[in-house]
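Engineer: Each chain, letter by letter, is given below.
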Amino acid sequence: MSAEGKLNELTAHELSGLLGTGQVSAREVLAAVYGRIDEIESEMHAYVLLTREVAEQQATEIDERRARKEKMPPLAGVPLALKDIYCTKGIETTCCSKILKGFVPPYDADVVERCRRNGLVFVGKTNMDEFAMGSSTENSAFGVTRNPWNLDRVPGGSSGGSAAAVASSEAVVAMGTDTGGSIRQPASFCGVVGLKPTYGRVSRYGVIAFASSLDQVGPIAKDVRDCALMMNVLAGHDARDSTSIDAPVPDYTQALVGDLRGLRIGLVKEFMQYQGRSVDEDVSLAINGALARFGELGAECEEVSLPHLNYSIPVYYIIAPAEASSNLARYDGVQYGHRTPGADADIVEMYSRTRDEGFGAEVKRRIMLGTYALSAGYYDAYYLKASQVRTLIRRDFDQAFERFDVLVGATSPTVAFRLGEKTDDPLAMYLSDVCTIPVNMGGLPGMSIPCGFSADGMPIGLQLVGKPLAEEVLLRAAYAFEQSTDCHQRRARPVSEADGRRSAVARAGHDSA
Amino acid sequence: MRLTPKEVEHVALLARLRLTGEERERFTTQLNSILEHFEQLQQIDTSGVPPMSHAVPMSNVLREDEPAPPLSLGEALQNAPDQDRDCFRVPRVIE
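Protein chains in written order, with the numbering used here: chain A, 190 to 702; chain B, 67 to 161.
One should not assume that every hint holds.
[What the hints assert, rightly or not] Below, a list of computed lysine to any residue pairs in the SDA-like style, where the Cα atoms sit at most 25 Å apart: (1) A:260 x A:211; (2) A:611 x B:89; (3) A:287 x A:241; (4) A:278 x B:152; (5) A:287 x A:519; (6) A:195 x A:682; (7) A:278 x B:143; (8) A:290 x B:89; (9) A:278 x A:261; (10) A:656 x A:584; (11) A:290 x B:156; (12) A:290 x B:84; (13) A:287 x B:86; (14) A:260 x A:307.
Hints in this document: simulated from the structure, not taken from any laboratory.
Bound-form chain A, shown alone (with noise of 0.2 Å):
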């Protein structure tokens, strides 16, 4: 802790430790962060942007409120990254899409404003597939993040940035939003800790809107303490957005007990295999090692299988373009965005010719697939079946429930894969959600928590998934089994293949490179 460069490497609940006695300012903490970033970000490519300027106002604020002797938030002089996806008062936002290029929020999120209020430090905007479309982030219109264990590799996504920031150690927490996995997944690839909460337990305003009815806010951590201390920063009722829970947020840190006696969990055989199709090999290891693991701890582990997760994929790629296609129809060229310069004679050929221009390609993919399912003719054979289809997967989960507390399987059917893998093959791409979909369909909780290694040095992730507002049981058994284990004390030291090594794992505070 004596070197500056080391203090980017810890969690949010050691920096708080150090920050509220005194031994390291919040400027000191921040400077760690943009030290790493100076070192890595040009190969990592995590931010869009850095806000170097109110980082560093922030971080002095807390620093003189705390000489005064002020009474502090816990997490305050934390560094957070921000996905691009969340509007911030001031500070350019884009949704790495080229239609929102140059684009000032007049506002903040509500979870930017919590974030503010509790004062975390905002280090940048972070990465992502275009409107949070992708499993990769390679549909950013601003570039390719890569993953920090593996620089060929990719971190997924959609929220790739901020979970690639966190694992080399270039944020202490970020924040990620989940449509279809795009919190959990990322943090598998990248061996950190995501959570997805319970649709309506974190406020939506402020988020730019992909499909209205899954998109969830959540963060993205280092270990599991963090991801609750972060809870209690973003939970609870915003009257700004209508699906907004009203219920009582609890203190998640104390669910973070370390014991697992008379908890039921279920091993769920679709988050083991798709239509007949297995995880991987290294995957289905590490998961069933868990499993064992959680035996250890106290929990009564069994399998149980819920049929209709077969058909999420399909279910998914109806319901997401179709609302997509609607949220989307608002980037016309007029009120904000890209304009096409020249197009000026006629409002259809503006808008059209503006929208072609600032999408990106699986945007306008989506955007298409979206309209035709609702279009004349076709929306009982796709929207109307897709949406009852989705009752059959969320009755399948509220059965399981009925025996079980935790349901478990793997985050995503492989580790990361290569850098311009499946980029060509749209529905190759759409298959790597296939076990994080079905959780957004039922409006749960979940998360991705590390649990082990491929045999090619790649993190592979556990996902955990809770009843409606079971966030704290989640975290209760995500935290069991991490202090059982070392997965999430490993950092990330990026290297390519291309250096002819492995990626150099080595223990936090241990190590030289």
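On the provided structure of chain A, position chain B as indicated by the hints.
Structural biologist: Just chain B now, kept in the frame of chain A:
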């Protein structure tokens, strides 16, 4: 084939996207392959199953009708690609 290039063109018009010829060809192939994958949903018996449009059973969320300060004119217009006399400016829509 479920979707012809002509239908793709029609959907693009509905979605206000002016696709290039190359995009139209590519989307026709890709959308057809995706729609083919979706065909399996037809095997499921959903008779009598209500559609689910939302995960949380909530309806008619009301609040007090209290005035609050709105965005200022300047803030509302600050991101407009084109504006004139405190209005968003668009191509002529009325002859």
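Engineer: Now look at each hint and say whether the structure bears it out.
Structural biologist: Right, here's what the structure says about each hint:
1. A:260 x A:211: OK: residue 260 of chain A and residue 211 of chain A at ~13 Å, within 25 Å.
2. A:611 x B:89: 19 Å, holds
3. A:287 x A:241: Roughly 23 Å separates the two Cα atoms, so the pair holds.
4. A:278 x B:152: 21 Å, holds
5. A:287 x A:519: Within the cut-off at roughly 14 Å; holds.
6. A:195 x A:682: At roughly 13 Å apart (the allowed maximum being 25 Å), residue 682 of chain A and residue 195 of chain A satisfy the hint.
7. A:278 x B:143: 15 Å, holds
8. A:290 x B:89: Measuring from Cα to Cα gives roughly 23 Å; hence the hint holds.
9. A:278 x A:261: At roughly 23 Å apart (the allowed maximum being 25 Å), residue 261 of chain A and residue 278 of chain A satisfy the hint.
10. A:656 x A:584: 12 Å, holds
11. A:290 x B:156: 19 Å, holds
12. A:290 x B:84: It holds: about 20 Å lies between the C-alpha atoms, which stays within 25 Å.
13. A:287 x B:86: 18 Å, holds
14. A:260 x A:307: 11 Å, holds
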